[in-house]
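J.: Take a look at the letters that make up each chain.
Number of protein chains: 2
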Amino acid sequence: MPSILSRTTPTINTAHRSSLAPLVVPERLLLGPGPSNADPVVVAAMGHQPIGHLDPAYLTMMDEVQTLLRYAWQTSNELTYPVPGTGSAAMEATLANVVEPGDRVLVGVMGYFGHRLVDMAKRYGGDVRAIHQSWGQVFSLEALRAALIEHRPAVLALVHAETSTGARQPLEGVGALCREFDCLLIVDTVTSLGGVPIFLDEWQVDLAYSCSQKGLSCSPGVSPFTLGARAEEKLARRKTPVANWYLDANLLRKYWGSDRVYHHTAPVNLTYGLREALRLLAEEGLEARWQRHQSTAELLWAGLADLGLSCHVEEEFRLPTLTTVRVPAGVDAKAIARMLLTEHNIEIGGGLGDLAGQVWRVGLMGANSHPDRVETLLTALGQVLHSNH
Amino acid sequence: MPSILSRTTPTINTAHRSSLAPLVVPERLLLGPGPSNADPVVVAAMGHQPIGHLDPAYLTMMDEVQTLLRYAWQTSNELTYPVPGTGSAAMEATLANVVEPGDRVLVGVMGYFGHRLVDMAKRYGGDVRAIHQSWGQVFSLEALRAALIEHRPAVLALVHAETSTGARQPLEGVGALCREFDCLLIVDTVTSLGGVPIFLDEWQVDLAYSCSQKGLSCSPGVSPFTLGARAEEKLARRKTPVANWYLDANLLRKYWGSDRVYHHTAPVNLTYGLREALRLLAEEGLEARWQRHQSTAELLWAGLADLGLSCHVEEEFRLPTLTTVRVPAGVDAKAIARMLLTEHNIEIGGGLGDLAGQVWRVGLMGANSHPDRVETLLTALGQVLHSNH
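Protein chains in written order, with the working numbering: chain A, 15 to 403; chain B, 15 to 403.
A portion of the hints provided could be inaccurate.
[As the list claims (entries may be wrong)] Dumping the calculated BS3-like pairs for lysine-lysine here, alpha-carbon to alpha-carbon at most 27 Å: (1) B:K248 with A:K268; (2) B:K136 with A:K136; (3) B:K348 with A:K136; (4) A:K136 with A:K253; (5) A:K253 with B:K253.
It should be emphasised that the hints constitute simulated quantities derived from the structure, not laboratory data.
Produce the complete structure using the sequences and hints provided.
T.: Put into structure tokens, the structure is as follows:
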């Protein structure tokens with residue numbers, strides 16, 4: 015048989031042909047800001063062969079995922095589906111669809127992800143205004159009203175659960191306020207979905223996004239997105255096409271709707287995982303799920319106090335999913351985290367942005383929201399803090 | 015313990031709380047345009063718990079993936095990494111980074127994915143021109159030269175392997191031509207990477223993209239992207255920011271480079287799979303890999319002829335990875351595909367766009383490029399064609 019290369023001139027360059035050993039994945043307890051460990055049922059589901067995105071079995075799975083996402087978020091929005099990317103893609107999907115060049119966008123910045131919203135909104139041509147709160151604090155309804163009066167935005171974007179600070183932004187009344195000012199409300203629920211009470215429809219949230227690898231206890235790579243009736247109207251009124259093809263809800267609605275018009279090749283194995291993660295959530299029930307996250311977090315907070323450590327966010331606004339722990343004076347935050355990883359196979363996170371070096375970030379999310387994990391962490395943390403002195 | 019809901023007014027809506035049975039995934043032989051079956055080693059790798067994207071073990075994996083992608087594509091481009099999305103996201107990444115509003119973009123349209131490039135390039139403000147070739151044909155170097163003379167574009171986008179037609183666009187000489195006209199060359203290698211000879215650097219290709227679920231035999235959801243020196247210069251000269259935050263190579267280079275500046279939470283389990291898929295590719299070697307795809311495809315073509323079926327694309331330009339088979343007069347293309355799936359668990363694809371109803375699309379890619387699979391398909395196809403008469 016003639017060689018495949020007889021017709022082509024170049025010779026194969028082997029400079030980058032590394033010879034690797036088969037993959038070895040270390041076993042970690044993931045107690046940082048995410049990813050968290052996936053539920054073992056989810057991991058097992060991802061270890062199946064892919065099937066086609068037009069397979070009848072896959073189409074059924076798509077419907078199941080949409081329905082259960084609506085339950086998880088407490089919304090009846092038709093346009094509720096996972097975006098085939100990470101949480102940042104879902105974040106971008108909200109802005110890309112409803113921000114047209116020149117639209118005024120107001121962002122509540124109380125941490126790292128508020129800044130990211132500002133950056134993204136500018137790229138879509140938004141006339142972006144920001145209000146700021148110090149990292150670990152949240153906005154009052156009065157402050158939001160004053161900002162809406164001052165800026166009269168077309169879109170307000172808020173972070174429900176700031177992953178960089180551990181603060182929970184109360185949302186009661188914000189949706190009604192936005193309607194009063196004829197403004198759409200976008201909410202980041204990346205670190206709240208599946209772990210913290212959310213009532214999207216009751217709260218009159220117009221668009222929201224999340225991720226798979228935190229409260230849902232799936233692996234990262236597919237990210238919940240939802241868009242309600244008022245946002246659909248704005249999308250329909252657009253004078254310019256959505257600048258982002260991959261995230262255009264006009265195309266994705268035809269793919270997720272009964273037409274099933276081809277858009278992208280679905281990340282099949284992640285859909286397996288997400289379907290199982292959502293099935294387990296529905297089995298447990300939202301109230302039990304939220305209660306479990308709250309109780310487990312309270313165990314952590316009590317244990318941290320016993321170790322002489324304090325939390326950065328006051329309890330009323332403290333997320334049960336993600337706790338920022340103040341680094342005591344004289345302690346090397348990075349060294350402690352490194353020792354937890356190398357000596358105990360436990361991952362926790364460091365501070366970001368304004369809180370760099372000042373806090374550790376401890377996540378207790380999804381399957382990891384469990385008293386056993388709290389005990390494991392507190393024991394290890396006590397040891398490394400002691401040996402570091 | 016007080017209920018978590020005592021502080022919140024709404025009651026939980028259980029309308030969408032479906033009760034599902036645990037996931038059951040049917041076993042399919044995926045011989046359509048993709049996804050193909052993943053290599054069993056890849057599937058096993060994906061069934062591990064996630065680790066953090068800052069874990070030393072994960073950072074090593076990132077380097078390994080980059081190096082092996084360079085080998086697979088035969089490029090030394092520093093900016094070579096998988097985009098955290100499907101092949102369409104990687105396609106959009108090429109255009110988003112180098113097309114500025116007003117830039118003239120020329121697209122060679124010889125199938126469905128050429129049209130997609132046109133749509134995307136317009137969304138980034140490109141002054142888009144298209145040249146057309148009938149579906150199943152390819153462009154000659156002379157035709158490309160004439161189009162460059164006529165349109166003087168800043169960017170030329172071509173599809174190396176048209177998944178909708180099964181045609182292979184020869185690329186020898188196209189890169190040199192683009193340099194003569196001071197134009198960047200973008201190439202779609204979605205259905206060629208890992209199965210068809212590609213020499214990106216020798217061919218002077220400036221940007222390319224691909225997917226994971228075809229020639230690489232991984233699962234879909236992460237997609238190779240590469241950008242060379244001339245494209246980097248154009249990116250550096252931009253007057254406007256890249257409109258797409260998620261795919262901005264300026265941000266992604268800091269994440270994939272030694273700085274590891276946080277960008278997105280990596281799709282860890284897909285990286286496990288891609289790392290293993292690329293390791294297996296390097297182990298086999300490109301020449302053996304390409305030869306295997308060619309030989310297996312020739313077996314298919316001979317077998318189809320024995321069944322009285324003919325191929326849509328002439329042999330010189332026929333892809334070994336994807337074959338378009340003419341549907342004989344009087345045969346119901348959809349019914350045959352449905353019977354293959356329901357009676358034999360074999361998936362093949364139907365025709366898209368101009369070829370809807372006229373062809374079937376048969377993929378023999380990655381682990382599925384094997385004589386056993388050809389025999390299985392030909393036997394089943396013979397049976398369903400016979401029973402359908």
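J.: Please work out if K253 (chain A) and K253 (chain B) have their alpha carbons no farther apart than 27 Å.
T.: 24 Å, holds
J.: Given the proposed pairing of K348 (chain B) with K136 (chain A), does the C-alpha separation stay at or below 27 Å?
T.: Violated - the C-alpha atoms of K136 (chain A) and K348 (chain B) are around 46 Å apart, more than 27 Å.
J.: Would the pair K136 (chain A) and K253 (chain A) pass a check requiring their Cα atoms to be no farther apart than 27 Å?
T.: Roughly 18 Å separates the two Cα atoms, so the pair holds.
J.: Given the hinted pair K136 (chain B) and K136 (chain A), is their Cα-Cα distance within 27 Å?
T.: Holds: K136 (chain B) and K136 (chain A) sit about 19 Å apart, inside 27 Å.
J.: Keeping to a limit of 27 Å between CA atoms, is the pair of K248 (chain B) and K268 (chain A) held or broken?
T.: 35 Å, violated
The earlier numbered hints that this structure contradicts are 1, 3.
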